[in-house]
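Q: Chains U and R, in that order, give the protein sequences. If you read the first sequence in my numbering, its first letter stands for residue 212, the second for the next number, and so on. If you read the second sequence in my numbering, its first letter stands for residue 21, the second for the next number, and so on.
Everything labelled a hint here was simulated from the structure, so no lab data went into it. Heads up, a few of these hints could be off.
[To be verified] Pair ranges (Cβ atoms, derived):
hint, chain 1, residue 1, chain 2, residue 2, range
1, U, 521, R, 34, 20 to 30 Å
2, U, 239, R, 76, 49 to 59 Å
3, U, 512, R, 229, 41 to 51 Å
4, U, 387, R, 229, 39 to 49 Å
5, R, 279, U, 534, 15 to 25 Å
6, R, 190, U, 442, 43 to 53 Å
7, U, 324, R, 34, 35 to 45 Å
[What the hints assert, rightly or not] Going by beta-carbon spacing under 10 Å, a handful of chain R positions derived as facing chain U:
hint, residue
8, 46
9, 48
10, 50
11, 52
12, 163
13, 241
14, 253
Built from N, CA and C at the ideal position, the CB exists for glycine as well.
Below, each chain spelled out in residue letters.
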Amino acid sequence: MSGVWVFAETRDGKIIKVVNEMLNACKTIGATLVEDVAAVLIGSGVESLAKDLAAMGAKKVYLADDPKLEKYSPDAYAKVLVSLVKQHNPSVLLFGNSAVGKDLAPTVAAKLGVGMCSDCVAVQLNAEKQLLFTRPVYSAKAITTVVCKDKPQMATIRPNVLPPGDAKGAGAADIEKVSAAISDSDLRTKVREILKSAAGKIELTEADVIVAGGRGMKAPENFKLLEDLAAVLGAAVGASRAAVDAGWRDHHDQVGQTGKVVNPTLYIAAGISGSIQHLAGMKTSKVIVAVNKDPEAPIFKVANYGIVGDLFKVVPVMTEEFKKMLAQ
Amino acid sequence: MKIIVLMKQVPDTETKIQVKPGETAISTDGVTFVINPYDEFAIEEALRIKEAKGGDVTLITLGWDKAAEALRTGLAMGADKAVHLNDPAFLTNDAHSIALALSKTLKKLQYDLILCGKQAIDYDNHQIGVRVAEMLGIPHVAVVTKLVLEDGKAVAHREIEGGTEVVETPLPAIITCQKGLNEPRYASLKGIMQAKKKPLEAKKVADVDASPGEVGQAGAKTVVLTLTMPPDRAAGKVVEGEPEDAARQVVKLLREEAKVI
Ligand SMILES: Cc1cc2nc3c(=O)[nH]c(=O)nc-3n(C[C@H](O)[C@H](O)[C@H](O)COP(=O)(O)OP(=O)(O)OC[C@H]3O[C@@H](n4cnc5c(N)ncnc54)[C@H](O)[C@@H]3O)c2cc1C
Ligand SMILES: Nc1ncnc2c1ncn2[C@@H]1O[C@H](COP(=O)(O)O)[C@@H](O)[C@H]1O
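Generate the whole structure from the sequences, applying the supplied hints.
A: Following this line, the structure appears as structure tokens:
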């Protein structure tokens, strides 16, 4: 018995993006290990999403569909996963590094008594066919490679780092329904309610383009400049901690160690100095643009393109130029 | 209310990290060590609960000799006593192994609530609180920005994508703390003086009923193969000129050179 497994997290009735990224990576891993790629889908009324997982490359979908699983609960979700793992002994079990993944993966690992690697930015098979997990440590000032001694080899994977598949595969997956067998006494913690935040609509961790502002924005209303730029680029708006602490932006917009770790194709930082804690959250972005009036600002050390100048002059011109470019 | 705080001593984020070639641990020369910032939220929360409801606060750390300094700082903030798992046989970065040593220690103590940080900013495991909860068989709520205690239970606000989950948990439970929970206090001079006399107990592996093979490096479930400095990002272009011209140039470069638009 074996398998290369991905936890298929859903949000607002959809499979989240990082699941496709993980399944795509698992196609190669599965082929080399000669093991099937499977997804574990847990929730309520989620059966119709199984075909999406098949299109992303899952050959098998373990489906636990139960009203008791509607909201995430570490007790319930871990119970389902642990019982499946014990039954099938997969070699690999990956999660997205999301709020749920960060909570569920260590819960499952602890129940199984195995190791786990958090927030990985690369996954590779070594010559011994073990998974080599790469992860930033010390606020991204160092990078480490780690292997797990036991199976399943477990990790959470940072969204936006592994290349996604086209998710258009025609293959139908074999769906295996599993009964959740959750009783009320299994659920020790209960979600009373979910308070939606006023933060931007595009999830920062999944965004392809992010426009972020810091203390240099000077006032909350000035973020309109960044919102206009973001609207043109289809980008999410992020913020430094200084901007969040000042009450200018919602905490959910914060990028960095205390906030979100992001990995977009393009990150535009306006009026952000580039502190270590901010860099820890965005340093792996593919292309970084910095706009700062201080030529000594540390953000320029990581920026691919830097503009030393007043953001209030620079940003509106960028918005206009992108608009023209994209209209062509 | 008996509250226990799990805390770790870590390099200050501002210090320079260096790794000698071939080594899998950082060089500690010249590194400043501090209490993990998320654990300061845990200590502060514990002290506020004690001040409001009575009880006592015990700090636990697993770490080298120097980690005692972090415990003294926590005692100076107002905690009552401290336990230091101080034995080379405990030392590791492996989350399972650290959690096992901590949970074995906790099994011999009484507690109504355990607080810890959401992550330690050295090795960023982001696992210990959740693992300790599992090992003790108690519930956990992670990444908490607000905590309200009610009769025999706690209501915690937990950060999730796009919002906040309000979660209710029976006690005892483990809560992992995130910024937003409170503003940690500084130790007062009086606190620092008092801390010198507060009990700080050092424990070896045998003292927590662990066997040397199951904790520390020997008990690790992961193997660190390499630790390196990330490659520097290639030197970027600083585009000169009037701000408006520079903006135009960068937009052009993003399409024609970087090809990201
Ligand atoms: C434990 C811990 C966790 C932390 N976590 C985070 C985190 O998750 N995210 C985070 O961001 N920070 C975090 N911080 C805070 C971090 O250390 C910095 O304080 C913060 O990032 C600074 O934000 P900033 O760059 O917006 O502000 P500043 O450092 O004040 O920089 C403002 C910049 O704007 C520039 N500027 C001003 N006016 C203009 C203008 N008109 N045009 C162009 N440029 C201008 C200035 O030159 C300056 O460089 C954390 C700190 C600690 C201790
Ligand atoms: N060696 C340790 N001793 C005591 N508590 C620890 C230790 N390591 C981690 N913790 C606690 O667990 C939290 C999460 O750490 P980590 O899982 O290592 O990121 C920290 O914020 C601490 O509260």
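Q: Work down the list of hints and note, for each, if the structure agrees.
A: For each hint, the structure was consulted:
In this structure, residue 521/U and residue 34/R meet the distance hint of 20 to 30 Å, their C-beta atoms being roughly 28 Å apart. Restraint check, residue 239/U to residue 76/R: a C-beta distance of roughly 54 Å satisfies the suggested window 49 to 59 Å. Distance hint check for residue 512/U and residue 229/R: the Cβ-Cβ separation is about 49 Å, which falls inside the suggested range of 41 to 51 Å. Distance hint check: the CB atoms of residue 387/U and residue 229/R are about 42 Å apart, consistent with the given range 39 to 49 Å.
Hint check: residue 279/R to residue 534/U, Cβ distance near 19 Å, so the stated range 15 to 25 Å holds. Here the CB-CB span from residue 190/R to residue 442/U is close to 46 Å, well matched to the stated 43 to 53 Å. The hinted range of 35 to 45 Å is satisfied by residue 324/U and residue 34/R, whose Cβ atoms lie roughly 37 Å apart. A cut of 10 Å between beta carbons decides the hint on residue 46/R: the least distance to chain U is about 7 Å, and the hint holds.
A distance limit of 10 Å between C-beta atoms decides the matter here; for residue 48/R the minimum to chain U is near 12 Å, and the interface restraint is violated. Hint status for residue 50/R relative to chain U: violated, with the closest Cβ pair at about 14 Å, above 10 Å. Violation of the interface hint for residue 52/R is found here, the shortest Cβ-Cβ separation to chain U being roughly 13 Å, above the 10 Å cut-off. The interface hint given for residue 163/R holds, since its Cβ lies 7 Å from the closest Cβ of chain U, which is under the 10 Å cut-off.
Given the 10 Å rule on beta carbons, the hint for residue 241/R holds: about 3 Å separates it from the nearest Cβ of chain U. Proximity of residue 253/R to chain U holds as hinted, the smallest CB-CB distance being about 5 Å (cut-off 10 Å).
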